[in-house]
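Protein sequences appear in the order of chains E and L. For the first sequence, the residue numbers in my numbering are 1 to 239. For the second sequence, the residue numbers in my numbering are 1 to 239.
Just so you know, the hints here were simulated from the structure itself, not pulled from any lab data. Do not take every clue at face value.
Derived lysine-lysine pairs resembling BS3-like cross-links, with alpha carbons at most 30 Å apart [to be verified]:
hint	chain 1	residue 1	chain 2	residue 2
1	L	Lys86	E	Lys144
2	E	Lys100	E	Lys160
3	E	Lys135	L	Lys170
4	L	Lys31	E	Lys86
5	L	Lys101	E	Lys66
6	L	Lys100	E	Lys83
Number of protein chains: 2
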Amino acid sequence: MPRFFSDDIRGEYIYLNKDDENHILKSLRMKNGDEVIICDTNGFDFTCEVQITGDRIRCKIVDMNKNFTEPSVDITLYQALPKGDKMDMIVQKCTELGIKKIVPVLTDRCISRPDEKKMAKKIIRYNKIAFEAAKQSQRGIIPKIENIMSFKDAVDIASKDDMTLFFYEKGGNKLSEINYDNINSLSFFIGSEGGFDTEEVNLARENDFKIMSLGNRILRCETAPIAALSCIMLLTDNM
Amino acid sequence: MPRFFSDDIRGEYIYLNKDDENHILKSLRMKNGDEVIICDTNGFDFTCEVQITGDRIRCKIVDMNKNFTEPSVDITLYQALPKGDKMDMIVQKCTELGIKKIVPVLTDRCISRPDEKKMAKKIIRYNKIAFEAAKQSQRGIIPKIENIMSFKDAVDIASKDDMTLFFYEKGGNKLSEINYDNINSLSFFIGSEGGFDTEEVNLARENDFKIMSLGNRILRCETAPIAALSCIMLLTDNM
Chain E
1 MPRFFSDDIR GEYIYLNKDD ENHILKSLRM KNGDEVIICD TNGFDFTCEV
51 QITGDRIRCK IVDMNKNFTE PSVDITLYQA LPKGDKMDMI VQKCTELGIK
101 KIVPVLTDRC ISRPDEKKMA KKIIRYNKIA FEAAKQSQRG IIPKIENIMS
151 FKDAVDIASK DDMTLFFYEK GGNKLSEINY DNINSLSFFI GSEGGFDTEE
201 VNLARENDFK IMSLGNRILR CETAPIAALS CIMLLTDNM
Chain L
1 MPRFFSDDIR GEYIYLNKDD ENHILKSLRM KNGDEVIICD TNGFDFTCEV
51 QITGDRIRCK IVDMNKNFTE PSVDITLYQA LPKGDKMDMI VQKCTELGIK
101 KIVPVLTDRC ISRPDEKKMA KKIIRYNKIA FEAAKQSQRG IIPKIENIMS
151 FKDAVDIASK DDMTLFFYEK GGNKLSEINY DNINSLSFFI GSEGGFDTEE
201 VNLARENDFK IMSLGNRILR CETAPIAALS CIMLLTDNM
C-alpha cells in the first residue's frame, strides 16, 4: 500500500501536502475509497481511505498501528564531513538501517570545509535524502540531519548518551566485546578520509567513549558508518 | 607504505606491471632502496626494496608476512543483478568488507537484463573495481567477480558451501540465531529490486538454504548485501 508522511491530523482526517496529493491523483491514479498508509512521523501508521473532491484530498482514518520498523535504541551518527557527495550515501543508507539522527562534524582532518552558505544547502539536501529514504524503507520517523558542528561540541552532546562508540582507524575494542544491555541511546563517531588525530582520540577517551575497531581491513569513510550501524543494529537485537 | 599486487615472483625479486612502475616513478617519485609492500594475491605480503634501472623496476624481497586482513571464512555473494550502476557500489563495498567472490545472478524479477556483450563489459568493470578496492582496503587477495549465471546454476554451486543464507524480503531467521561454528565457506543470496519469487524461495528451501531476514526495515537491494556482509563478518569474528 502507498505510504506517506504527514503530521497534519485533524480529528478523523489526515491531510497531505500538494506534492503527495498530486502523486496520489496523477501517478497512482487513486479513486475515492482507495487506501493509503500515512505515518505521523512519530512512530504511528494510520491506514486511511482517500476522499477526493476535485484536486483536493482528505484521508479518513480507518485504522491506527504502532509502526514496527523503529529500533529499540535511539542511535546518532557523528560523521566527520567527507569529501564530495559521500555524505549523500551515508545519509540514505543509515536512514534505511534505522538511524535516529546524523550530525556532520568538522574534525581536524576534514578536507571538505564548505562555507556557511554551501553547508546550509547541503543540510537541506541531506534532510531531503533522509525523508525519501525513510519513506522507502517504511520508517516510523524521519531521521534529522543536524547542522554541522565542531568536534568539541559534538563530544559534549554525545557524552550525554548512554553509550558512545568512537571508531578509530588505529584500532580498539571489537563491537562484539561490548555489553549493550539497558542502552537506550547510543551515539557513534566516524572519521573523514584522514581519520582522527591524536588530540581528538584523547578527548574521546577523557569522555569515557569506547574506542572501537571495525577490523583489520581499511574501510572507506563512507563504508565505515554503514558497516558499524549494521552491526550495532544486530547486536542490539534490531536486525 | 605504498601497496601493490603482483604474483610475478622470480627468485628473490618481484616484478610489477607497467602501470605500477609508472606510479612508483612518476607519482610516488621513489628512489633506489625505497620500500613498498607487494601482495602476491594469495594471502602474503612482501616488503620489498625498489631497484630502479632507467624506467624499469625490480623489487627485492626483504621480508615476507602473512596478510592479516583476510577473514577466516570464504564468503561468496550471489547477487541478483540490480538496475543501473548499483552493482559497482556492491562490488566496492563488499570487497572492502572481505568478500571472496561475487556472482551476479539472473533471477525472475531482475529488471536489468543486459545482452552477452554488455554483460562481458560489466564483468570486466566489476573486476577492475574489486582490484582497486582490494588494494585500498589492504586485502590479501583480489575478490573474483564471476560471469552472470542463472538462479538454478547459482543454487547448485552455492549448495556445496558449508552454509548458504538466503535473504528473503518476506522474512526468515535472524542472523544472530544461526550457529557459525566450524563454517569455512559461506554463501549468501540477495535479491534484486523486486526481491525473489516464490519458486525461487522454494528451491532455496529444498537445498537446505537458511531463509533469512535483515529486520523490519526495507533495505534497498544495494544496501542489503553490505549490511548482511558486515553482520556475517561480525558473527564469524572477522570484524
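- Message: Given the hinted pair E/Lys135 and L/Lys170, is their Cα-Cα distance within 30 Å?
- Response: Satisfied, since the Cα-Cα distance of roughly 18 Å is no more than 30 Å.
- Task: Assess, step by step, whether the Cα of E/Lys100 is no farther than 30 Å from the Cα of E/Lys160, and give holds or violated.
- Result: 15 Å, holds
- Message: Run the distance test for L/Lys101 versus E/Lys66: straight-line Cα separation, threshold 30 Å.
- Response: Roughly 41 Å separates the two Cα atoms, so the pair is violated.
- Message: So if I understand the rule, the pair passes when the alpha-carbon distance is 30 Å or less; does L/Lys31 with E/Lys86 pass?
- Response: 35 Å, violated
- Is it true that the CA of L/Lys86 sits at most 30 Å from the CA of E/Lys144? 26 Å, holds
- Query: Quick one, are L/Lys100 and E/Lys83 close enough, alpha carbons at most 30 Å?
  - Reply: 29 Å, holds
Violation of the numbered hints given earlier is confined to hints 4 and 5; the remaining hints are satisfied by the structure.
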